[in-house]
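Peer 1: Residue numbers (numbering that gives the first Met the number 0), protein chains in the order written: chain Y, 0 to 123; chain P, 0 to 123; chain E, 0 to 123; chain X, 0 to 123.
Quick caveat, the hints were computed from the structure, so don't treat them as lab data.
Treat the hints with care, as some may be off.
If chains are identical, the list can't say which one is meant, so a pair holds when it fits in one copy or spans any two.
Derived SDA-like pairs (lysine to any residue); straight-line CA-CA distance at most 25 Å [what the hints assert, rightly or not]:
#	residue 1	residue 2
1	Lys5	Asp95
2	Lys5	Pro110
3	Lys5	Glu57
4	Lys77	Gly23
5	Lys5	Asn42
There are 4 protein chains.
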Amino acid sequence: MVNNAKGYRVWYIPDGYIPPISTGSLVSHESICVLNANEEAANLSVTIYFEDRDPIEEVPVRVEGRRTAHVRTSTLEKDGESIPVGVPYAMEVRSDAPIIVQYSRMDATQPANTLATTMGFPVA
Amino acid sequence: MVNNAKGYRVWYIPDGYIPPISTGSLVSHESICVLNANEEAANLSVTIYFEDRDPIEEVPVRVEGRRTAHVRTSTLEKDGESIPVGVPYAMEVRSDAPIIVQYSRMDATQPANTLATTMGFPVA
Amino acid sequence: MVNNAKGYRVWYIPDGYIPPISTGSLVSHESICVLNANEEAANLSVTIYFEDRDPIEEVPVRVEGRRTAHVRTSTLEKDGESIPVGVPYAMEVRSDAPIIVQYSRMDATQPANTLATTMGFPVA
Amino acid sequence: MVNNAKGYRVWYIPDGYIPPISTGSLVSHESICVLNANEEAANLSVTIYFEDRDPIEEVPVRVEGRRTAHVRTSTLEKDGESIPVGVPYAMEVRSDAPIIVQYSRMDATQPANTLATTMGFPVA
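Could you build the full structure based on these sequences and the hints that come with them?
Peer 2: Pasting the structure below:
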């Protein structure tokens, strides 16, 4: 039986996009914000889906117990592969412990930045 | 029995609106961002509801297996009908395979653009 | 047994706020965006909660079958009472048929407007 | 048996961040917007998680019956500790009565402010 008292183990975020341009005082970026409310560390594995190529599979991320990690998607990297800017993509986040995942994007294409956020979508 | 390990088959988005004006370097637009994490392709059918007329029914969209598609709502078209700009509408997205749907709008009415996003609402 | 194939009958939105100022070409406003995907009309009843006074109870709203309605919260009115601008409030939306409710706010306090959106929170 | 007709008792918000800079006419801030639709008061307890230190545990918040409270996260304080600006954090909100929790951030780093909102994530 799955115990969801501290969250879920599989999350999806369909709308990933790293804006290629930054102006003003902030840099365009996205983050997956993870809360691990368990005592022990959580080992995450992020798979990155694209529109026209095979996924980058199972990028590892570690979040210590009773900690949050706000992970910039531009830092996700495996075998020299990372997410290109200006390309639509999506993410699957798997964890060996229940977590909560929120997604946020700061778009600084214009000097007047704009921020958007939503919870990830949990399935298990 | 429905297996929701890869998402849901019916999604709703009540707040659709294509801003009629664009200024600055970006164009006002909305997208439905679909993730198909299955091996096989998903065949979607989008029905568009309005405030004062009958819906545009069952616009087909195809998303290959293990791919995402960020579909601009302005490209949805059937029998010569598409979504007019500047009109409130809503969407129902049906799929023959479980998917995840996120909705985003970039409003570039002002030179300082603004971005909003939310997961769609799944019902089955 | 509740059938949720077309949505839910009770929705909550805790963060209501009508910005008192508008600049630029747009007017600050909020909307509750309702989709009624049933064949028959849905009769809604909106209760408005405040921080320091009793609620405005059961403001009626009607949404025809197979239609969406994007209702500006400033138009909700009962017995001469409506939502004041610049005041934090919250909403409960009840319906006699299953619906889907999304909440959006356009804040035009600055000439550079900003848009935020989220699904309402369903409980029954 | 848990009765969720008025909401949930445990909510999570992974993406907390108080922008350190404010320009224009508004002040950068975040709020947790709580709706208590019960007749009696709800006693909340907010735990604040960080990336690199132990949590601030169980900050008390009270919301009267049939009232909403839009609580600025900068006002959460216990034993002289509060949330520093410019630091990623996350929140756990526990309540002795079912409530609904929405999270919003107004970022006024630029003169052109930007607003983001999402429902909290309920687990119990």
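Peer 1: If a hint holds in the structure, say so; if it doesn't, say that too.
Peer 2: Going down the list of hints, with the structure as the test:
1. In the homo-oligomer, the alpha carbons of Lys5 and Asp95 lie at most 25 Å apart both inside one protomer (12 Å) and across protomers (18 Å), since each shortest distance falls under that limit.
2. Taking the shortest alpha-carbon separations for Lys5 and Pro110, neither the intra-copy value of 39 Å nor the inter-copy value of 38 Å comes in at or below 25 Å.
3. For the identical chains of this complex, Lys5 and Glu57 are neighbours both inside a copy (22 Å) and across copies (16 Å), given an alpha-carbon limit of 25 Å.
4. Taking identical chains as interchangeable, the C-alpha atoms of Lys77 and Gly23 are never at most 25 Å apart, the minima being 31 Å within one chain and 36 Å between chains.
5. Within a single copy, Lys5 and Asn42 get their C-alpha atoms as close as 15 Å, and across copies as close as 21 Å, so both meet the 25 Å cut-off.
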